[in-house]
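> For reference, the chains in residue letters:
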Amino acid sequence: MDAIGGVLCRCTGYRKIISAVIDAGREQILMSSAPAGTAVGNRMVRLDGLAKITGKEIYGADEIPSGALLLRVIRCPFHRAGFQFGDLEKYAKQNAITCVLTAKDVPGENRYGVIPKFADQPVFAESEARFKGEAVAAVAGAQAAVEKLDLTQFPVVWNELPALMTIDQALTPGAPQLHHGREQNVLVRGRVVRGDVDAALRNAEITAELEVETGFVEHACIEPEAGFARRAGDTIEIQACTQSPYMDRSDIARILGIAEASVRIIPTAVGGGFGTKLDLSVQPFLALAAWKLNLPVRMVYSRTESMISTTKRHPARMWAKAGAGRDGKLQALDFRADFNTGAYSSWGPTVSARVPVHASGPYFVPHYRALTRAVHTHLVPAGAFRGFGVPQMAIAQEQLYDELADRVGMDRLEFRILNSLTNDLPTVTGQVLGEGVGIRACFEALRPRWKAARKEAVDFNSSAQHLRRGVGVAGMWYGCGNTSLPNPSTMRVGLKSDGRIALHQGAVDIGQGSATVVTQICADALGCSIDRFDLLSGDTSITPDCGKTSASRQTFVSGKAAYMAGEALRREILRLVKACDCAKISFENGSVEVHEDKKLHRISLADLPIDKHGYVLTAEATFDPPTRALDENGQGMPYAVYGFGAHLAEIEVDTELGTIKVLRITAAHDVGRAINPTLIEGQIEGGVAQGIGMALMEEFFPGKGENLHDYLIPSAGDIPPIESILIEDPSSIGPYGAKGIGEQAVIPTAPAILNALHDAIGIRLRKIPATPDRVRAEILRCGITGASRG
Amino acid sequence: MKKQLIELRVNGRPRELAVEPSKLLLETLRQDLQLTGSKRGCDDSSCGACTVLIDGVPMLSCTLLAASCEGQEITTVEGVSEHGALAAIQKAYGDWGGAQCGFCTPGFMMTVKHLLATTANPSEAEIREALSSNLCRCTGYSQMYQAIKAAIEAEQKGMDSLSQQVAK
Ligand code: FES
Ligand code: FES
Chain A
1 MDAIGGVLCR CTGYRKIISA VIDAGREQIL MSSAPAGTAV GNRMVRLDGL AKITGKEIYG
61 ADEIPSGALL LRVIRCPFHR AGFQFGDLEK YAKQNAITCV LTAKDVPGEN RYGVIPKFAD
121 QPVFAESEAR FKGEAVAAVA GAQAAVEKLD LTQFPVVWNE LPALMTIDQA LTPGAPQLHH
181 GREQNVLVRG RVVRGDVDAA LRNAEITAEL EVETGFVEHA CIEPEAGFAR RAGDTIEIQA
241 CTQSPYMDRS DIARILGIAE ASVRIIPTAV GGGFGTKLDL SVQPFLALAA WKLNLPVRMV
301 YSRTESMIST TKRHPARMWA KAGAGRDGKL QALDFRADFN TGAYSSWGPT VSARVPVHAS
361 GPYFVPHYRA LTRAVHTHLV PAGAFRGFGV PQMAIAQEQL YDELADRVGM DRLEFRILNS
421 LTNDLPTVTG QVLGEGVGIR ACFEALRPRW KAARKEAVDF NSSAQHLRRG VGVAGMWYGC
481 GNTSLPNPST MRVGLKSDGR IALHQGAVDI GQGSATVVTQ ICADALGCSI DRFDLLSGDT
541 SITPDCGKTS ASRQTFVSGK AAYMAGEALR REILRLVKAC DCAKISFENG SVEVHEDKKL
601 HRISLADLPI DKHGYVLTAE ATFDPPTRAL DENGQGMPYA VYGFGAHLAE IEVDTELGTI
661 KVLRITAAHD VGRAINPTLI EGQIEGGVAQ GIGMALMEEF FPGKGENLHD YLIPSAGDIP
721 PIESILIEDP SSIGPYGAKG IGEQAVIPTA PAILNALHDA IGIRLRKIPA TPDRVRAEIL
781 RCGITGASRG
Chain B
791 MKKQLIELRV NGRPRELAVE PSKLLLETLR QDLQLTGSKR GCDDSSCGAC TVLIDGVPML
851 SCTLLAASCE GQEITTVEGV SEHGALAAIQ KAYGDWGGAQ CGFCTPGFMM TVKHLLATTA
911 NPSEAEIREA LSSNLCRCTG YSQMYQAIKA AIEAEQKGMD SLSQQVAK
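These protein sequence lines map, in sequence, to chains A and B.
Read the first sequence against the working numbering and you will find it ends at 790, with the numbers running on by one and no gaps.
Read the second sequence against the working numbering and you will find it ends at 958, with the numbers running on by one and no gaps.
I should point out that these hints are in silico values taken from the structure, not numbers from a laboratory.
Virtual Cβ for every residue (Gly too), placed ideally from N, Cα, C.
Treat each hint with caution, since some may be false.
Ranges of calculated distance between the beta carbons of each label pair, as one might list FRET restraints [as the list claims (entries may be wrong)]:
no., chain 1, residue 1, chain 2, residue 2, range
1, B, Ala915, A, Gly783, 35 to 45 angstroms
2, B, Ser871, A, Asp531, 14 to 24 angstroms
3, B, Glu919, A, Glu572, 51 to 61 angstroms
4, A, Asp234, B, Gly874, 39 to 49 angstroms
Once the Cα atoms are required to be at most 30 angstroms apart in a straight line, the calculated BS3-like pairs of lysine-lysine come out as [what the hints assert, rightly or not]:
no., chain 1, residue 1, chain 2, residue 2
5, B, Lys793, B, Lys813
6, A, Lys496, A, Lys598
7, A, Lys329, A, Lys767
8, A, Lys451, A, Lys329
9, A, Lys93, B, Lys792
10, B, Lys813, A, Lys704
11, A, Lys56, B, Lys813
12, A, Lys704, A, Lys148
13, B, Lys813, A, Lys93
14, A, Lys148, B, Lys793
15, A, Lys148, B, Lys792
16, A, Lys90, A, Lys104
17, B, Lys793, A, Lys93
18, A, Lys321, B, Lys947
19, B, Lys813, A, Lys148
20, A, Lys90, B, Lys792
21, A, Lys104, A, Lys93
22, A, Lys321, A, Lys767
23, A, Lys292, A, Lys90
24, A, Lys56, B, Lys939
25, A, Lys661, B, Lys939
26, A, Lys148, A, Lys93
27, A, Lys56, B, Lys947
The shape of chain A in the complex, shown without the other chains (with noise of 0.2 angstroms):
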């Protein structure tokens, strides 16, 4: 304890963080138009809800142009096949069919990929597929003949070619190549290397190793992704469901061979998104079909093409060592993880970048080595999903600290508050954060259940026969925002001359609720009533460009840019009446009104000229956070903000099933300002859920259960009641001092529940999810009966 308290007295932030925690039984009011200057903070309704509602927004598959014709894509039944086409021509005119495409129908660069300098994914493979479920060719044509037709008659033959379906085939010498230049079929290395771990591991007086295994896992949108491309003019419009149509039309206009302002992407109401959405569906076929045909052409994915085609979570095979001091203190982490790519590049490289920077958790480690790599495997490609890689890794982080602090001879809860990252503390990265670290204050708000839930759990046990309780924590720091790389946001709002304000804002609302979030920051930041507002909304031809829904970064950066642009147009609008900085606004119909000390000005809008953008005034603003580029030890400054939180999972294994029921999760979350604490809490809630999803049931096994009834997911019978503590940190940089939740969210959740379930019977497994024949069989290993454990 004396330890603990030491840490206590010097953090001076520390009682200001823990009264920032919000009551959440306190603020209960919902709020569905607030005044000027109050929507930031209160829990708003959402803007985009009443569509939802009804049955009235437009998602993929909802709209169909008049005349437009269906497309099915013919995908390799191999994990990797040479093959050859029949007579197209001839099975087309059989069939009725108005085209047939193949990789030759490519005016342009038959390749794309997220990141252009990894750009590898063919349209369609050009003679040898490499997973099961690539593209090779598509057809179009009226929905009949389209419809019924068995796609397995085909004209293709297949040569099945021997396929690495594992990292370690991968890396054999003298293994087939997946892409050229990509010696080993390694496509990435990551690395972040402080201090020396070597000797640090060899010096300390507790140490700890662990390897486990993660399997793919499948986003599971519970939309499938679709939409449909016409052809106007020199212009390809594509409607369909995507997180980042600047990127996409980037893609659309290398593979047409046009350019970027010839390509128009309209995203439509996304259900669901995750991370898999930010990379190419449907989009290059429909474009290809609509460009060739000058027709509307559109494209619906079954689950099972969408689940055997789009992006899954890399799995991962993870070693990791580290050590203590005997009074509890980490003081090196070796770490090292391969990560299962699959056949393209998709977000490797990030995901390989991101897991170094972040595989401390979010602790002081002084010594510190982490090594990743990304491996191309002849499987589906693994892309992003929610927590790029840090979702694994914290499953072998966090068990790793748990075993260390079982050593050590501390509870693991009080462990890892001393070894929490502060302020002043330096990261793995070298960088100093300064502020807004609200790790501690989490852990610090988890400790009186924890108390309560460990008591409860002995008290249990000591009863039961073959149920067993465990309680287990996890932390989590999550960077927001891409690693080291620019990526601005554009925000512009205008005044209308009937006194309303249009917001253009390009960041796609995937669900999470950026669409409100963004606009009660403007509103504040402008001093106007939300209900002012009109949205204008991610159209690449309406909008300017707010980059990608992803790495928990629009509430961080487009809410950031959202403050600036309404802060600029307000400093217009008292630029107009030369008015003081702090004079006031009003808003009303047709009018502004400006109070200066005694003054009133009255700015009657109709009298004001448009301009080009349609309105009285407009303002606009970038933001990019600060980052600086990581040095070949991986030392800089990788995120401006990152968002903290802890996980605690309180557990009932059945020791005779295998089984494992949550009982309760209890979520603290360092959001740095909570701008609407009911999405926060969707948001977290949703987190929960994917992660024991990923911790107890979900792994997808390319070739087999390609559906979502073999697939499974947690339904409500499988969620326990949540509790989210939301701790408020600010961090100077973002709009209010508001941090990204998105992906914070889930990481905690998995390691929690696999410390629980240690501590509920004492074991831990080498491969996760943790279903029912592995914990039996690790029971069995074990020896473990219901009552030989006290």
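Position chain B with the ligands against the provided structure of chain A, taking the given hints into account.
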């Protein structure tokens, strides 16, 4: 396949249309009647996004032939609003975060509407059991409980004010 003339009652209105005997109710609603609120989320009746009420009972419209629904009352999300006003459950889902991406929402709306119509004061377990027939990937279901409780409260208040009016 030859089309056949059928008459469906959808959201209280008779609709006459020509469909192939093999056409599924979900596709008929979406394509022939432009009622795209009901969604397709899977190929094997596992997601519930296509749930509609047939004579008040939640059914998966992706498993029913349109022609087999003749003479029955079909209710979709588009028919949940009452007299032009949002139903209590709709408003509550929108307000309390029951809908994030919203793709699962139309299906849940039907499931919950049935629950509230058949169970006056559902327990936590009854709600959980009802919700388990539909999948949602965004919300973790938790805010749905809040929404359902708010809807029950709102309906009870509505009833109270109605009975007060009657008493006056
Ligand atoms: S579409 Fe999934 S159950 Fe009907
Ligand atoms: S709100 Fe997205 S699937 Fe339920």
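> Which of the listed hints are broken here?
Hint check: 18 fails alone, others pass.
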